[in-house]
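Participant: Sequence:
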Amino acid sequence: MLTLKQIRENPEEVIKRLRIKNFDASDLIHQVLEADTERRRIQTETDARQADLNLKSKEIGALLQQQKVEEANHARQEVAALKEDLKQLNQELHRLENKLNELLVLIPNLPHSSVPPGKGAPDNVEVRHGGAIPELNDQALPHWDLGTKYGLIDFDLGNKLTGAGFPVFTGKGAKLVRALIGFFLDEAEKEGYREVLPPLMVNEASAYGTGQLPDKEGQMYQLATDPYYLIPTAEVPVTNIYRDVILDAGELPVKNTAYTPCFRREAGSYGKDVRGLNRVHQFDKVEIVQIQHPDKSYDTLEEMVSHVEQLVMKLGLPYRILQLCGGDLSFTSALTYDFEVYAAAQKKWLEVSSVSNFESYQANRLRLRYREPGSKKTLLAHTLNGSALALPRIIAALLENNQTPEGIKIPEALVPYTHYKTIP
RNA sequence: GGAGAAAUGGCAGAGUGGUCGAAUGCGGCGGUCUUGAAAACCGUUGUCCGCUUAUCGGCGGACCGGGGGUUCGAAUCCCUCUUUCUCCGCCA
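So in my numbering, spot 312 of the first sequence is number 1085, and the numbers just go up one at a time.
Bear in mind the hints are in silico, worked out from the structure with no lab data behind them.
You may find that some hints are simply not true.
To be verified - Here are the in silico distance ranges between beta carbons for each label pair:
(1) 778 - 1124: 28 to 36 angstroms
(2) 886 - 977: 28 to 36 angstroms
(3) 1067 - 826: 36 to 44 angstroms
(4) 987 - 1017: 17 to 25 angstroms
C-beta atoms are modelled at their ideal positions from N, C-alpha and C, and glycine is treated no differently.
Go ahead and model the full structure; you've got the sequences and the hints to work with.
Facilitator: Here's what the structure looks like:
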């Protein structure tokens, strides 16, 4: 969430910048300012009363030690009214703190100054593209048919075992998944990321820390028996490693990578672009996460984009990089680049990665801070993450683009992991 | 799942109702000494919020796993939750 300081110091600027996200914050911001002023007034009052009470208590203690029981009892009676006041004040303080927090959580992150205005996907701006779009003949099959034809993916079986959106990979298909995971992790490791294998369920505090709660509750699967959520992305556990942590500036950047399955309910997206692997409820993804100094976080964002770009290039997939417009930017992001690869049989661009700088928005919720050498002051760090990469759509594009009469060709970079060159 | 023990500052570890933000040790930082380093010695050492301050800072409040309670006063007593350890059961 935004810091109170940001809002207090420049409320009009905050409102103005959130308009780029098509978010009208004026009402919320004014409520925040009001609650904040009131909270500070009450706290000053509460602190003063508490100080009085503390003093009185010490006096009573001293009197009792001097055996002045009479006077002590008298003082005790005096304190009763003070305590009553204090109780009221504390309740009010709690109420205001809660209200303030509830309001702050409803305000999205500010978009970076470079974010173009716009309502949705059509307004995203292409940054660059690469790779050649293959020419396929009329007999070219979409990946869901290829998956069945070569015995790689069984959608019906997934339906039987679980339900729609839970494909089963079999044979060389399963091996391909494992190969991609290994490849992506190795590439990340070469770039200095530490590998983490986190829990696939998180508690409420973690879901809250990265902003899944309270905003996107409907996106996550929640357990019926325990207060845990299945992770929608490795970002959640991996970023939350640093919840309530104070780092030394010298430790930055902190680079972690993780492979995890991801679970998404995708409520409300039925019927649109959901065929085959285009949109599923469980999928595999390698995520890269960095914690960086605020002065360097945008350099880091570019570095992460170029890492992802290397991956799609090595896989030989035609891709384009888009900068998301205000309307398409997520609640918590300040700047996001989406990667799309072209699936030549469907003739569609599929999103395979989203690389974002959250600046201090997540860090504020996480209480993730850093300290400059020799300084006592703690400052909010910046967090960034990106998919590197999400598997299903990569597989869709690989299958479709590389289909030949002899079978499906595997990109050179992947062969050391698949140990086969073709799926005949 | 059952029985018992425990959770204190970066770490270790005292503290069972008042003068405890908390002894002591280690670590960290600053200094003395030294050609330099080590050792020794001296000093210092948490986080958050509010008020005040041009700044350094000053003052107040909160925090001893989380939440609630008793009391004029709680690290200390009570309730509850979480976690850890030991034993038993079950189990990959």
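Participant: Each hint should be assessed against the structure and marked as holding or not.
Facilitator: Hints, verified against the model:
1. Judged by the Cβ atoms, the range 28 to 36 angstroms given for residue 778 and residue 1124 holds: they are separated by roughly 35 angstroms.
2. Distance hint check for residue 886 and residue 977: the Cβ-Cβ separation is about 34 angstroms, which falls inside the suggested range of 28 to 36 angstroms.
3. Separation of residue 1067 from residue 826 is about 41 angstroms and conforms to the stated range, judged on CB atoms against 36 to 44 angstroms.
4. Restraint check, residue 987 to residue 1017: a C-beta distance of roughly 19 angstroms satisfies the suggested window 17 to 25 angstroms.
Checked against the numbered hints above, the structure breaks none of them.
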